[in-house]
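Participant: Chains as they are written, first to last, in the working numbering: chain A, 1 to 320; chain B, 1 to 282.
Derived by calculation from the structure, the hints in this document are not laboratory data. A couple of the hints might just be wrong.
[Unchecked claim] Derived BS3-like pairs (lysine-lysine); straight-line CA-CA distance at most 30 Å:
1. K47(A) <-> K170(B)
2. K5(B) <-> K170(B)
3. K193(A) <-> K180(A)
4. K30(B) <-> K47(A)
5. K222(A) <-> K26(A)
6. K29(A) <-> K232(A)
7. K139(B) <-> K103(A)
8. K139(B) <-> K234(B)
9. K139(B) <-> K26(A)
10. K133(A) <-> K103(A)
11. K103(A) <-> K201(B)
12. K103(A) <-> K97(B)
13. K103(A) <-> K18(A)
14. K255(B) <-> K97(B)
15. K26(A) <-> K180(A)
16. K13(B) <-> K97(B)
17. K13(B) <-> K201(B)
18. K47(A) <-> K90(B)
19. K170(B) <-> K103(A)
20. K170(B) <-> K26(A)
21. K103(A) <-> K29(A)
22. K29(A) <-> K255(B)
23. K193(A) <-> K232(A)
24. K255(B) <-> K5(B)
25. K193(A) <-> K8(A)
26. K139(B) <-> K18(A)
27. K180(A) <-> K8(A)
28. K133(A) <-> K180(A)
29. K139(B) <-> K90(B)
30. K222(A) <-> K312(A)
31. K222(A) <-> K173(A)
32. K133(A) <-> K193(A)
33. K170(B) <-> K29(A)
34. K201(B) <-> K226(B)
35. K234(B) <-> K29(A)
36. K173(A) <-> K18(A)
[Stated by the list, open to error] With the C-beta cut set under 8 Å, the calculated list includes, among others, these residues of chain B facing chain A:
37. G110
38. S118
39. L122
40. A135
Cβ coordinates follow ideal geometry from the N, Cα and C atoms, glycine included.
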Amino acid sequence: MKDLLLEKVEMVFSPYRKAIAALGEKNEKVVVLGADLGNSCEIDLFKERFGERFFNVGSAEQNEIGCAVGLAFEGFVPFVHSFGVFITRRAYEQVCVQVAMHKANVKLIGMLPGLISRLGPTHQAIEDLALMKTLPNMVVIDPADATEIEQLVPIIAEYDGPVYSRMLRREVKRFFSSEKYSFEIGRAVFLKKGDALALVSTGLMLEQAIEAHGMLEQEGIKATLLHMPTIKPLDEDALRICAKECGAFVTIENHLTVGGLGSSVADFLAQNTPCPLEKVGLQDTFAVPGTPEYLFERYHLTAPYIVEKAKKALARKHHG
Amino acid sequence: MSLDKDFIQGLEKKAQELRRLLVEVTFRTKGAYLAQALSGIDMMTAVHYGFLRSDPRNPYDESRDRFLLSPGHYALALYCILADRGYFDKELLWTFKENGSPLELASHRGTVPGVEASGGSLGQVLSIGVGMALAGRLKRSNYKVFVFMSDGEQDEGQVWEACASASHYKLSNLIALIDCNGFQVDGATKDVMNMEPLAEKYRAFGFDCEECDGNSMEQVCQILDKFCKADNDKPKVLIGRTIRGKGVSFMEGNKDFHYTRLDESMRNRALEEMFGGDSDAL
């Protein structure tokens with residue numbers, strides 16, 4: 001279990017750029033669509049190598065989705081790129097009606113998830129998981145590190161159906177051992193086991209979750225750490241185990257606390273095995289522009305706040 | 001493809017048969033977007049029976065020409081054509097929009113063979129056509145993609161995004177048709193949202209654009225023939241000026257017929273106008 005995490009975190013530059021180009025080499029059916037953000041979405045290497053299968057539609061996301069669906073109807077596997085905000089908010093009806101309703105084999109790749117962009121609310125995808133999760137047929141993924149990115153790209157290409165995946169770019173940390181870790185759609189991974197409570201994290205919140213886990217351990221609180229890269233379908237078996245063994249939860253996400261991981265977990269627990277749950281994430285507000293470090297602190301997404309929520313969940317567990 | 005008189009007259013006769021079928025289905029199934037179907041049926045007939053390379057016995061053949069209906073409200077016109085051509089059992093027409101019937105009020109891909117797009121939400125299907133045209137090029141296939149649109153949906157911004165990309169990628173295998181019957185839900189298009197001059201807009205977007213009487217089989221066929229033979233790298237658009245409810249005098253240009261229910265006397269009047277006393281016309 002412990003082995004999945006590397007002893008020392010590595011830094012990888014642009015893992016997606018290499019992964020999507022490698023996929024293009026392996027699978028001739030893969031086509032890439034961009035909306036004027038080629039470099040920003042790290043699809044420039046694919047374009048360089050497979051120009052015929054690369055289509056820039058300009059900054060026109062609604063048409064980008066439509067073109068991708070037409071290509072998918074004809075047997076291609078389109079990877080559609082933009083920032084998470086534009087691909088979900090701006091083209092929502094097209095994604096709903098053309099992609100989800102037809103179960104079209106389209107892969108939506110959303111860059112700059114959550115509080116990553118310095119451009120502020122127009123560029124911060126804080127509700128993308130919620131928007132995509134509510135669509136029937138849609139698989140929703142929030143990867144944590146370079147290893148997950150490298151592994152998920154060929155896996156979602158093989159999966160026959162619509163996928164929305166958040167994507168990390170440029171300097172991306174590697175937490176998972178490439179040899180020992182294996183990403184599967186819909187599977188959560190136990191990184192630590194404890195019986196006090198379960199920390200359930202998704203996406204790049206893994207780093208804060210690991211840190212918070214360590215802080216709790218120093219105080220003698222043994223928590224389970226469950227990493228959940230797939231928001232939908234939800235790994236209900238893993239949650240059932242956590243509920244049975246721990247009986248209290250903290251969910252941790254780079255997203256609004258409404259509609260994302262926390263809501264999915266709450267929904268499952270309420271209907272199956274009710275127990276205390278505290279959510280870490282952006283609390284019903286738009287964020288200001290700023291560096292991720294500043295924003296994570298300002299909006300209480302860092303390890304000390306996770307610890308605080310963990311203690312609250314524990315208190316509720318013990319005192320009802 | 002010869003454009004001799006027999007060819008045109010054969011298509012004209014077919015369009016009249018289909019009009020009769022449209023009236024009959026509307027009457028028997030208690031309502032349809034009949035006025036729209038009647039305005040667009042000539043252009044749809046011209047494409048499906050005159051120019052579209054497709055085989056009802058092999059509806060998913062890779063090399064077929066694609067026909068995409070964008071305004072799903074015209075579904076009944078497409079269903080009548082598909083049933084008549086043998087894509088599915090004609091008896092199915094009498095189940096139109098019944099609960100559980102594949103023949104839904106707006107057409108959706110995946111319901112019956114020959115329906116290749118979903119058009120309930122307006123302005124989205126030209127983009128699908130662009131994607132299919134790009135796919136045809138990648139597959140080194142010479143199929144054409146016909147996209148049938150309405151004038152009302154020209155209001156949608158996505159239509160123009162799609163136009164820009166069709167032209168940018170020089171999609172000469174894309175042929176759009178617009179049924180300009182001059183009406184949308186809230187009234188005359190010129191009053192609700194005037195998109196004229198439409199032809200100049202399409203030309204400015206880089207289309208090979210022709211305008212004609214969209215209820216004239218001869219004019220429509222001449223333009224489609226020219227488009228299919230054209231040796232240029234432009235996407236094509238036929239702007240057909242049509243009359244809503246064409247063929248039924250009390251419906252023609254009448255804004256009260258957005259969604260149409262026909263009672264028996266209206267149905268008899270419509271058929272009498274179309275065919276006189278000729279009961280063999282069907």
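Participant: With reference to the structure, classify each hint as holding or not holding.
Facilitator: Hints, one by one, checked against the model:
1. At most 30 Å may separate the alpha-carbon atoms for a hinted pair to count; K47(A) and K170(B) meet this at roughly 19 Å.
2. Distance check on the hinted pair: K5(B) and K170(B) sit about 33 Å apart at the alpha-carbon level, beyond 30 Å; violated.
3. Straight-line distance between C-alpha atoms of K193(A) and K180(A) comes to about 18 Å, which keeps the hinted pair within the 30 Å bound.
4. Note on K30(B) and K47(A): the hinted pairing is violated, with a Cα-Cα distance of about 54 Å set against a maximum of 30 Å.
5. For the hint linking K222(A) to K26(A), the alpha-carbon distance of about 44 Å lies beyond 30 Å, and the restraint is violated.
6. Taking the CA atoms of K29(A) and K232(A), the gap is near 25 Å; set against the 30 Å cutoff, the hint holds.
7. For the given pair, K139(B) sits about 22 Å from K103(A) by alpha-carbon distance, which is consistent with the 30 Å threshold.
8. For the proposed pair K139(B) and K234(B), the alpha carbon gap of about 19 Å is at most 30 Å, so the pair holds.
9. A C-alpha spacing of about 18 Å is found between K139(B) and K26(A), which places the hinted pair at or below 30 Å, so the restraint holds.
10. This hinted pair checks out: K133(A) and K103(A) have alpha carbons roughly 14 Å apart, not beyond 30 Å.
11. With a C-alpha separation of about 34 Å, the suggested pairing of K103(A) with K201(B) is violated against the 30 Å cut-off.
12. Distance hint between K103(A) and K97(B) is fulfilled; the C-alpha atoms sit about 23 Å from each other, no more than 30 Å.
13. For the hint linking K103(A) to K18(A), the alpha-carbon distance of about 27 Å falls within 30 Å, and the restraint holds.
14. With a CA separation close to 23 Å, the supplied pair K255(B) and K97(B) stays within the 30 Å bound.
15. Our distance criterion of 30 Å between C-alpha atoms is met by K26(A) and K180(A), whose separation comes to about 23 Å.
16. Simply put, K13(B) and K97(B) have alpha-carbon atoms about 27 Å apart, close enough for the 30 Å limit, and the pair holds.
17. Distance restraint check for K13(B) and K201(B): the Cα-Cα separation of roughly 34 Å exceeds the 30 Å cut-off, and the hinted pair is therefore not satisfied.
18. For a cut-off of 30 Å, the pair hint linking K47(A) to K90(B) is broken: about 48 Å separates their Cα positions.
19. Restraint check for K170(B) and K103(A): the C-alpha separation of about 29 Å stays at or below 30 Å, so the hint holds.
20. For the hint pairing K170(B) with K26(A), the CA-to-CA distance comes to about 28 Å; that is within 30 Å, so the pair holds.
21. A C-alpha spacing of about 17 Å is found between K103(A) and K29(A), which places the hinted pair at or below 30 Å, so the restraint holds.
22. Using a Cα cut-off of 30 Å, the hinted pair K29(A) and K255(B) is violated, with the two alpha carbons roughly 48 Å apart.
23. Using a Cα cut-off of 30 Å, the hinted pair K193(A) and K232(A) holds, with the two alpha carbons roughly 23 Å apart.
24. Restraint check for K255(B) and K5(B): not satisfied, since their Cα atoms lie roughly 35 Å apart, outside the 30 Å limit.
25. Restraint check for K193(A) and K8(A): satisfied, since their Cα atoms lie roughly 20 Å apart, inside the 30 Å limit.
26. Distance restraint check for K139(B) and K18(A): the Cα-Cα separation of roughly 26 Å lies within the 30 Å cut-off, and the hinted pair is therefore satisfied.
27. This hinted pair checks out: K180(A) and K8(A) have alpha carbons roughly 15 Å apart, not beyond 30 Å.
28. Our distance criterion of 30 Å between C-alpha atoms is met by K133(A) and K180(A), whose separation comes to about 29 Å.
29. The hinted pair formed by K139(B) and K90(B) fails the criterion: a straight-line CA distance of about 34 Å is larger than 30 Å.
30. About 15 Å separates the Cα atoms of K222(A) and K312(A), which keeps this hinted pair within 30 Å; it holds.
31. Our distance criterion of 30 Å between C-alpha atoms is met by K222(A) and K173(A), whose separation comes to about 26 Å.
32. This hinted pair checks out: K133(A) and K193(A) have alpha carbons roughly 28 Å apart, not beyond 30 Å.
33. Between K170(B) and K29(A) the alpha-carbon distance is near 22 Å, which keeps this suggested pair within the 30 Å criterion.
34. Restraint check: the Cα-Cα separation between K201(B) and K226(B) comes to about 21 Å, which is no more than 30 Å; the hinted pair holds.
35. Restraint check for K234(B) and K29(A): the C-alpha separation of about 26 Å stays at or below 30 Å, so the hint holds.
36. Among the hinted pairs, K173(A) with K18(A) is consistent with the structure: their alpha-carbon atoms are about 15 Å apart, no more than 30 Å.
37. With a least beta-carbon distance of about 7 Å to chain A, the hint placing G110(B) at the interface is held under the 8 Å criterion.
38. Among the interface hints, the one on S118(B) holds; its C-beta lies about 7 Å from the nearest C-beta in chain A, closer than the 8 Å criterion.
39. About 11 Å separates the beta-carbon of L122(B) from the nearest beta-carbon of chain A, more than 8 Å, and the hint is not met.
40. For A135(B), the interface hint holds, since its Cβ comes within 8 Å of a Cβ in chain A; the closest pair sits about 3 Å apart.
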